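S.K.: Could you build the full structure based on these sequences and the hints that come with them?
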Amino acid sequence: MKPKILVQYRSHWSLRNVLQTGLLFSVPIFLSAASATAADLVLTNDGQPRAQIVISETPARSTRLAAWELQTYVAKISGVKLPIVTQPSGEKLVKLFVGRSEHTDRLKIDAGGLKHGAYRVVSGDDWLAFIGDDTDFTPIEPWARHNGEIVNGKAQAEWDKLTGAQWGVPGILMYKQRGTFPGDIGLPTEQAAGKKVPLQLWCYDERGSFNAVCGWLQRLGVRWYLPGELGEIVPTFKTIRQPPIDEIVRPDFPLRRFNFRFATVSHDTAMWSMRLGTRDPFEIQDAHGLDNMTNRAEVFAAHPDWFALYGGKRRYDPKLNNQLCYSNEELFQETVRYVRAQFDHYKLDTVSIMPPDGYTAICQCKLCEGKDSAERDQRGLLSDYVWGFVNRVAKEVGKTHPDRKVLNCAYGVYTLPPLKIAKLEPNVVVSIVGGRVPRNNKPEQQEELRKLRESWVAKTDNPLINFENYPFTDRGWYLPAFTPHSMGSSINALKGISQGEDIWLTIQHDFDKNGIGLNHFLVYFNARMYCGGKEQDVDALFREYCRLFYGPAEHEMRAFFEYGEANWQEMEKDKSKVDHVLELFAAAKANVDSGSVYGRRLALIDEFLKGLRSKSTQLAKKRGPVPQLRLVGEATSKIVIDGKLDDDAWVNCPVASTVRLRELQTGRQPTFGTTVKSAWIGNNAYFAIRCDEHPGEKLNITATKKDDSAMWYGDVVEVLLETESRSYYQLAINPAGAVADLDRSAARNAWFGWDAQAEVATHIADDHWNVELRIPVTQDENDPLNRVIGRKPDKSLPWHINVCRQRIREKDAEYSAFSPTGAEDFHHLLKFAHFYDGNSHQFDAAEADADFLEATRLAADLGRTGKRAEALAAFTAAASGPISDLQKSAALEQAAYYARYVLKHDVAAELAARIPLDAVKKTVLMHNLLDQSKPAQLIEQFAVEDIAGWPFWKAEDGYFARGRAYALTNAGKEAEADLLRALEWTSDTRVRDSIRQTLGSNRESNLKDDTAALAAYREIIDNVKQLGSADQFYAVQGIARIQTRRGKFDEALTVLRKVEIDKLSGYWRGSMLLAVGDTLRAAGRKDDAATIYKSVIADETTDLRLRKIAEESLAQLRE
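Okay, so the sequence shown: first residue is 1 according to the numbering used here, each after it adds one.
Simulated from the structure, these hints should not be mistaken for lab results. Everything numeric in this text was worked out from a predicted model, so none of it was measured. Do not rely on the hints blindly, as some may be mistaken.
With a cut-off of at most 30 Å between alpha-carbon atoms, the simulated DSS-like pairs for lysine-lysine come out as follows [claimed, not checked]:
1. K610 - K573
2. K705 - K371
3. K347 - K366
4. K1048 - K1094
5. K904 - K921
6. K161 - K347
7. K792 - K811
8. K371 - K792
9. K513 - K534
10. K698 - K973
11. K577 - K638
12. K513 - K176
13. K888 - K615
14. K638 - K615
15. K115 - K95
16. K451 - K706
17. K442 - K495
18. K575 - K513
19. K1025 - K1058
20. K371 - K115
21. K161 - K76
22. K615 - K573
23. K615 - K76
24. K577 - K442
25. K615 - K677
26. K395 - K115
27. K495 - K423
28. K867 - K1063
29. K513 - K371
30. K95 - K238
31. K888 - K319
32. K792 - K622
33. K921 - K1008
34. K921 - K888
35. K513 - K451
36. K677 - K698
37. K867 - K934
M.R.: Set out below in structure tokens:
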């Protein structure tokens, strides 16, 4: 039977109503007896059944689903539940054939030519058929049926055995694509009451007949705007008539993939995705295929040279994205094998050979040298390199599999087409990541994307795929990027040049609850545009959505969406636009009853807009309390940029212009400190940065060229500058002097297009490295691609700045900043410090954010003022909430310190057990034992602990604690070894003094080596202008003690006089006087000694224990 296109609308709905829906489809539906003809099929009549649903004796899974869908919605529309049968009854009922069966075969109606979810709706004298391809997906072994078969390695072992290789299992998580549905779905009515086996549906199942039913229901007026009944629009009428029809509907794209996984989303969400006509073909792989092939420790162990070389090291970490060397011939040959194996075994049509995610820098081996395109836009930096590899693989596999294809995404640093390849091999499929980006809806933005698509069309004869990452609401997206018109026009622009789309957005188990206010909008309009040809009218769909979904608030919601569509890109900074769009939404809310269906739908948008309301509050706030970096006039002498930092401007740099960095998330002193000095001369800002280092350790240098993103694999300092004119600039410098300069006020793909024209020099020493930096500043805004734009900052118009450092090592890293952000990255503008020239000034500031840094600051203040029990409670409270493991560990560590202080050792033990980071937990356990005078137990428990394997930022604490325990148990040699190691792993002067004091004591008491002890003590006080710390006082006493034993009494008294005892009070005054008295007594000056002892006894402010010692010493003098 040849399809016949009919366009007829005869119903109680007016033609105007139909046109308002924007759904001028070619299936005629009779909705009432009015204007009926004898040829019409009557499915229900005044609430009575006049039809039955007929399926095969052995229906495909999706055929059952289609029959159930038809039965369900006919009942919702008319109140009539039609029976499902496999054999039509003899009654005069219309037969609704769903899917292929012996009955459709007799009618010669089949799914031939109906590919990719296409369908046919056709009628006869007493029947109506809904038919399409309903092929059940059958997985090919091996495949993991659940996570347990991944964890226990079963699927991997089978794949390894099959291939003789060590590649990852393709589609290892595909079990998540299989959902379990009620077992009575689509069963014949007489079977539905019995015991039912759950129906398991795959995302990969073809659903042609189901699409036919859904298409037909949409023409009746059914809509599915979001998952569940709240998202449904279902018309009601008692009689359903169908005039003669024969129509075929073909979607515009065969690939209509969203990242819905039936096993992880709700039943409502899974059904919603299918009702919108999505299609996820198993035979077409998506992104990052080479990550799946290579991301195994076994692969790295056997083939380290497959992996990219950065900073002289081949890098692999199973928790990270591991980049590859595309010049390696063995990797090329293995990739060819890998692709062919998937073609042959899994019968795939298209295999992904896209690089792992996060790829920003070319491998630095000799084979790859010079293969990047440094002269190109950052998006084309590695295009020839990556696409050259892809093209080689395609050419080779094409020799054996000419009908199959390989896929790579145009993404990141290989977004632009290669210049050295005129035309890609005929078996290469290009998937552009962000080929539409409908949220970038300004005309110039969409024009740039059109040019990108066109440039790729010229490179390949295959239809493109478009891959979109829509805003991820689970990652904090809050802006009202409701952009239906650019969504529609950009999809229409793909028609004829694309085979479809792969869309990723936040889809989790609670998709129908969290973020649904935005996400339903993105999915619905995207999916509905996949049919209807190039003229599909998104505006009609949008207007219908506003009318049907929001009812009384139709016009207000249209105004809300349209204003948001036009202005959302400015709402990150423009409070007036944020407030206006929120006012428009408030007007819509005021127009509906909150308990009505319309009010409940608006509540979903309302929930999503919470983030925007917070942004409005934030935009109204002043910057919170942040540090200051203050310039004190202009430097009066020349600064030579040579990295040595020996110019007078640096040697005599004012204290106000000198700052130190703190650990980024916790605010503690970093293991290796960083000092920053600043100056200004003419139109230039100067910075001198000294980075302390582990003595003798090779620095981690991973780049030597400008703007090479590989530098972020290694050691880097960054200067982030927000001037009064631009927000903001980023300059990154590594120890080799390589610079990356970015203008983050520009579009993301243009960040690297800016040149600071900075003068930079670095210097590397044994225990530190320096950066010296001159940044030219101009007020001329006519050349935004060169130099920092701004005026010299002052109190009226300060700049905002952060200076940051990352120290990356093979197993761990430490991040620090002048103004810690309390987050895992540097880029938090409101945390930037004030930077200005002038007198000391207190800037107006908002109240501090109630974040981790503020909570721990307040807790520390309690401890400093003697409120230790309150500090314990405050640090314990700070360890809760959405914080990182590092922050939680730091807070619990401090809480345990105060628990020990108030003698709550059981609480300290409980707190230690809660610490997530193992090295921190073990350190706290050590301190707990030391505080309870259990050094022997500490040694028993931690003697064999491999502290060298700890994160470097915790090694000092571990070595120091164990070293103290060894010293207390008279194990002098072991103590010496641990204490020396502890010294290596800190540059904090105060901590180093404490370690040296313990070293001196151990050498003096346990090793009986006064010379070495004297050296340790002297290191504490040498080059110190004014002594004042406890460790310095202990060192002075230690030196005096040793010199006294040696009979060098004058030297002993001289060193004691370095302490201004008369200015001391309390414990240290008494302790230092006793040391003087003991030295005088040993020198035979008994009268002088007696005078000192009497002064201690007479001083009532002195500790009673010291006064008692003085009395005993005086008594001994008189004997």
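S.K.: Confirm or reject each hint.
M.R.: Comparing the hints with the structure gives:
1. Using a Cα cut-off of 30 Å, the hinted pair K610 and K573 holds, with the two alpha carbons roughly 17 Å apart.
2. With a C-alpha separation of about 14 Å, the suggested pair K705 and K371 falls inside the 30 Å cut-off, and the hint holds.
3. Taken as a hint, the K347 and K366 pair is broken in the structure, with Cα atoms around 38 Å apart against an allowance of 30 Å.
4. Taking the CA atoms of K1048 and K1094, the gap is near 24 Å; set against the 30 Å cutoff, the hint holds.
5. About 17 Å separates the Cα atoms of K904 and K921, which keeps this hinted pair within 30 Å; it holds.
6. The straight-line distance between the Cα atoms of K161 and K347 is roughly 18 Å, inside the 30 Å bound, and the hint therefore holds.
7. Straight-line distance between C-alpha atoms of K792 and K811 comes to about 42 Å, which puts the hinted pair past the 30 Å bound.
8. Straight-line distance between C-alpha atoms of K371 and K792 comes to about 42 Å, which puts the hinted pair past the 30 Å bound.
9. For the hint pairing K513 with K534, the CA-to-CA distance comes to about 33 Å; that exceeds 30 Å, so the pair is violated.
10. For a cut-off of 30 Å, the pair hint linking K698 to K973 stands: about 28 Å separates their Cα positions.
11. At most 30 Å may separate the alpha-carbon atoms for a hinted pair to count; K577 and K638 exceed this at roughly 48 Å.
12. For a cut-off of 30 Å, the pair hint linking K513 to K176 stands: about 20 Å separates their Cα positions.
13. Taken as a hint, the K888 and K615 pair is honoured in the structure, with Cα atoms around 27 Å apart against an allowance of 30 Å.
14. Our distance criterion of 30 Å between C-alpha atoms is broken by K638 and K615, whose separation comes to about 45 Å.
15. A hinted pair counts as satisfied when its Cα atoms are at most 30 Å apart, and K115 with K95 qualifies at roughly 25 Å.
16. Restraint check: the Cα-Cα separation between K451 and K706 comes to about 28 Å, which is no more than 30 Å; the hinted pair holds.
17. Our distance criterion of 30 Å between C-alpha atoms is met by K442 and K495, whose separation comes to about 21 Å.
18. For the given pair, K575 sits about 28 Å from K513 by alpha-carbon distance, which is consistent with the 30 Å threshold.
19. Pair hint K1025 plus K1058 holds up; C-alpha atoms about 9 Å apart against a cutoff of 30 Å.
20. Pair hint K371 plus K115 does not hold up; C-alpha atoms about 43 Å apart against a cutoff of 30 Å.
21. Under the criterion of a C-alpha separation no larger than 30 Å, the hint pairing K161 with K76 is inconsistent with the structure, at around 53 Å.
22. Under the criterion of a C-alpha separation no larger than 30 Å, the hint pairing K615 with K573 is consistent with the structure, at around 9 Å.
23. Restraint check for K615 and K76: the C-alpha separation of about 42 Å exceeds 30 Å, so the hint is violated.
24. For the proposed pair K577 and K442, the alpha carbon gap of about 16 Å is at most 30 Å, so the pair holds.
25. At most 30 Å may separate the alpha-carbon atoms for a hinted pair to count; K615 and K677 exceed this at roughly 34 Å.
26. A hinted pair counts as satisfied when its Cα atoms are at most 30 Å apart, and K395 with K115 qualifies at roughly 28 Å.
27. The hinted pair formed by K495 and K423 meets the criterion: a straight-line CA distance of about 22 Å does not exceed 30 Å.
28. At roughly 27 Å between alpha-carbon atoms, K867 and K1063 fall within 30 Å of each other, so this suggested pair holds.
29. About 48 Å separates the Cα atoms of K513 and K371, which puts this hinted pair outside 30 Å; it is violated.
30. In summary, the hint linking K95 to K238 is supported, as the alpha carbons are separated by about 19 Å, within the 30 Å threshold.
31. With a CA separation close to 21 Å, the supplied pair K888 and K319 stays within the 30 Å bound.
32. Of the pairs offered as hints, the one joining K792 and K622 holds, with about 22 Å between alpha carbons and a cut-off of 30 Å not exceeded.
33. For the proposed pair K921 and K1008, the alpha carbon gap of about 34 Å is over 30 Å, so the pair is violated.
34. Annotation: proposed proximity of K921 to K888 holds, straight-line Cα distance about 11 Å (limit 30 Å).
35. Between K513 and K451 the alpha-carbon distance is near 38 Å, which puts this suggested pair outside the 30 Å criterion.
36. Of the pairs offered as hints, the one joining K677 and K698 holds, with about 25 Å between alpha carbons and a cut-off of 30 Å not exceeded.
37. For the suggested pair K867 and K934, the alpha carbons sit about 27 Å apart, so the restraint of at most 30 Å is met.
Hints 3, 7, 8, 9, 11, 14, 20, 21, 23, 25, 29, 33, 35 from the list above are not met by this structure, while the remaining hints are.
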